[in-house]
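Let's have the full structure, built from the sequences with the hints guiding it.
Protein sequences, first through last, are from chains A and B. Each residue of the first sequence is one higher than the one before, counting from 1 in our numbering. Each residue of the second sequence is one higher than the one before, counting from 1001 in our numbering.
Calculated from the structure, these hints are not laboratory results. This structure is a prediction, so every number in the text was calculated from the model and none was measured. Among the hints, erroneous ones may be present.
Pairwise CB distance ranges (calculated) [to be verified]: (1) A:F61 x B:I1041: 38 to 48 angstroms; (2) B:G1061 x A:W88: 36 to 46 angstroms; (3) A:P500 x B:G1061: 45 to 55 angstroms; (4) A:R186 x B:H1113: 57 to 67 angstroms; (5) A:G66 x B:Q1189: 51 to 61 angstroms; (6) B:Q1189 x A:A709: 37 to 47 angstroms; (7) A:G66 x B:P1007: 28 to 38 angstroms; (8) B:R1065 x A:G651: 54 to 64 angstroms; (9) B:A1033 x A:A67: 53 to 63 angstroms; (10) B:R1176 x A:G66: 54 to 64 angstroms; (11) B:P1050 x A:G651: 56 to 66 angstroms; (12) B:R1065 x A:E858: 32 to 42 angstroms; (13) A:R59 x B:A1033: 42 to 52 angstroms; (14) A:A67 x B:P1007: 51 to 61 angstroms.
Simulated crosslink set (DMTMM-like; lysine to aspartate or glutamate; CA at most 20 angstroms straight-line) [said to hold, decoys possible]: (15) B:K1155 x A:E83; (16) A:K277 x A:D939; (17) A:K856 x B:D1122.
Glycine is no exception: its CB is placed at the ideal position from the N, C-alpha and C atoms.
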Amino acid sequence: MSATPATEVAMQALRQRMGDAQGPRFWRALEELADDAHWRETLHAAMPQLAALAPMDRRRFLKLLGASLALAGLAACSSPPQEQLVPWLRQPEGMAADEARFYANALACAGDVCGVLVETHMGRPTKIEGNPAHPASLGGSAPALQAAVLELWDPDRSQTPLHRGVPATWDDFFAELAKLSRGDGRGLRILSGAIVSPTLAAQRDALLQKFPGARWHRHEATGQGQALAGATLAFGTPLQPIYHFDKAQRIVALDADFLSSMPGRLAHARAFAQQRKPPRMNRLYAVEPTPSLTGAMADHAWPMAHGEVGVFAHHLAVALGIAGTADRAADEKRIRAVADDLLAHKGQSLVLAGESQPPAVHALAHRLNQALGNIGHTVDYVAPMDVVEPADSLAALCKAMDAGEVDTLLVLDANPAYDAPADLGFAQALAKVRQRIHLGLYRDETAQLCDWHLPMAHALESWSDLRAWDGTASIVQPVIEPLYAGRSAHQLLAALLGQPTDIRALLQSRWHAGDDEGWNRSLREGLVADSATAPTHPSAVSADIPASMPTADDLELLFRPDPTLWDGRYANNGWLQELPKPLSQLTWGNAAFISPALAAQRKLANGDVVELRLGGRQLRAPVWIMPGQAARSVTVHLGHGRRHAGHVGNGVGFDAYALRSDRSPWREGGLQLHATGEHVELAATQHHHAMEGRAPVRAGTLDEYLHDANFLHADEPATPPSLYPAKPPGEYAWGMAIDLNACIGCKGCTIACQAENNIPVVGADQVRRGREMHWIRVDRYYEGSAQAPHTHHQPVPCMHCEHAPCEVVCPVGATVHDAEGLNLQVYNRCVGTRFCSNNCPYKVRRFNFLQYADVKTESLKARRNPDVSVRNRGVMEKCTYCIQRIQTAHIAADREGRPIADGEIVTACQAACPTQAITFGNIADPDSAVSKAKASPLDYTLLTELNTRPRTSYGAHLRNPNPALGDDA
Amino acid sequence: MGQVFHPRFGLYVQLVLFAVIASLACGVLVWRASTAEPHGIGEPLEQPVPFSHKHHVGDDGIDCRYCHSAVESHAFAGIPPLSTCMTCHSQLYTDAAALKPVVDSWRRGVALHWQRVHQLPDFVYFNHSIHVAKGVGCVTCHGRVDRMPLTWRAKPLSMQWCLDCHRAPQKFLRPRDKVFDMTWKAKNQDALGMALVRHYHIDTRRLSDCSVCHR
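The following block contains the structure:
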């Protein structure tokens, strides 16, 4: 199959216009920038998703119509079932049948540890919120955190111990283990992920003491190894930096995605966004080879090859007078301007490098911070939780296994058979081990190669403890009994050590021995008070840092963790598979990101399959043209192409680990890229729900704002008159304000909404047809050239228009207004004409084309929020402003005869947002937070000219570019 | 011009018409039968224990809230845990045959399964606490429970029936201290109702909004 003609035409047009883009100021897809005719046609079709339907003749249409009528009639013929009431024998105190209870907890998710509050209904965990008291969350939450609750209820989870694929019992295994416990542990190796639990670390130490011949290896496919090596290079000892973005006025991010992939990301995002409230704004410079969410927030984002980042840092060091000489920099003007800006903010600036950069760049960043007097102000250093010595690495383990030195391998919640670098040959080495034991949530790739597979208890089912990135400790408490025969790693190790297996007692003796009050307080608050690691005062940074040299490779290949699936451990999570990846808006799969320039040179279009050759290894991958990608860099995301993930994740995307090497895990030069002539259609949502060129995003610079705060409203007409009735009459008027200046595009809101409102997953095929069901989508707009665009994120929920166009076209009154201004969708009235969706200028309505909600799988039923109706096929749905939360607060306030307080109602998206970009409340009250947000001169509504008078409004996006650099991106 | 229709054609038409009418009637009957509620108004349900509200409320005078303890604070009024029954029945009628399931359940630690009498569809989010707080009496929806030897449904619980009150709450409201009173009657309900709507600060503009009951 070759590229579709339409895409081909678009790309030709694009190639012609690449240099002098004449398209709209803001654009979502490259076709739009090139003003492609086919793109306009797609937009003008009322329902672009219908275009994907196969053509159908009249006879077949009538047949289907008749069949569906008959079946729908039959389906309606069922009487309501007789319900039963089963009371308690003894009712626990405070356990009401219909009230949500929240338990403070902590979760290790995607390389970060966060405090959370787990919402439970009748003992069933249904939703996860951030814990406002925890420093790594501050109330916000990331998609992977939210999705942990779906992982708990995943029907594909491993349910019973297996011995050579045959169901066995834990007692069988413990009998086997008893043999192991004799001897000094020679030949025993244990492999786990990074150890972030102090109790697990203590158990490890006890184990190594009891079995001196044993070794404990750690493997984290997307760990912090390079960053720690960089700190060792700088300070002589591995230290972990703790960044204080609340004190940093000038930030230089050297390929450092501190907003979405570094540990402490939610805290970073909060502090960073707080410093961007006009009239005071910080300034972020980002240099990176592949666009990240951090680069998208930058005031100046300069794409450059991976190796050039180090050179940039070196030139910066020269300009600041702390490194010797260098060749004249190509971008001297930029370097000078950044250096001057940093020098003007000594002690208030910050330079940081990302994990994918080599240790020398990290060391140089530390050195720059020292020279700028930032250490102790904007950056502190703490001892890291877990430092992996080379002898404890996965490479050392593979070598030992290969040499036949390993008799027993115990794999604790790790999946090296999938995520080990290809050159280590893990699977072949493992075959030489006599006894292979695997403990994990799923019967994954590694479990398939082991004799014993043991089901692990989920984090929400077990006792443990975790340390966050700054050292704050939390007790992990079970919120539900294990659903299956799972046990935690602690329990397994306790059995091996001959310790008592009561982990709760072990934890209490560790943290609050004999102090029940303190123990209960730590459990209630979700953290152990004053447990953060004290900062150390590092010695002076070594001046002996090797200078980075530009690499001479033609093409380079970069590896990145997947923004939602991380290293692949969440591949069986439908929410995370279907969440459009930030920036690329791809779902259900990955692609090789290439720059527009490379695409033009190789005549490649989105979805064209190429063969990536690196050393002796090759991999076929579809390409995705990424605006803002460095010209000669190709990026692949890890975490896809799983073979034994489960029903959801198997075979989705390609496995980029096949090209990865242990020596150079994040970047490889010498890439060869060959077109294969094949084409696949990727499930991307970036074309969906387009509002055409009507300037949905408004943006400007801080200077413009300071010059005239009303600059965005200069040529806005006054509100035109309307034939609709005046405002709804209620006592409250619900409204929402979304601050685009704070939104970092992480899509935590989308997943939070999905969890709260029982939104189904539809699958790749349905997404390709434009049928994804997310009630709040995050649109991504570009501004400027395709090579180095500015990026704007825009979350779009229902606007709850006061004069709603959807309501007047509904023939059955299924969408109506209530007295408090909510635009309601009455599922039981809806007959599925979809007129409302057609008439919605914001494209926020979602239709159940098929029976998307899984009403058969028992465990998924238990996950659902009982306060929200589950929608069936043929029904329209959309954002309700979390009406269940409004009503709960309404009833509580009305019962007590008091008004609803400002901030009492928090919508799911608002609660999840790490930067507090979303404000919700009563706009009839001029003192409410939302009224104040809407009073800002930056506030605007979408498509004002249509006179729909939306209740949702936006705060415009401002940049704070360096005046010395003019409009240099 | 010859005869267009055969003489027997009239019979065929009659037969076909009859068949159509008969099958439609059958269809309606089948549909009615299959979508009917599991039990009707005033029809007592068989329960594992023949629990009598008449005895407990009418004769003994136990307050509603002794057993339905969450009715003032939660959506679900609460079915008493077995421990509540045992506060009395660990001493009284311990050997009665009718109470055997209760005693057995308590001894063996296995919960009783009661048949639900008042059940609403899943898309209706009814909340007891707000109705009690705003002066809707138990008897208004549940009837004279104090006269029911076995519990039955006294009102249709249909949306039309709910709306009767949501559109004109003044016809049904009572003072807060009379909510649990089975026998109270207002002297002048209209005047009292209007005063109570103001007193309870009930926003009648939103009371018939879909969002009040459906989410």
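Can you give the numbers of the hints that this structure goes against, from lowest to highest?
-> 2, 6, 9, 13 and 14
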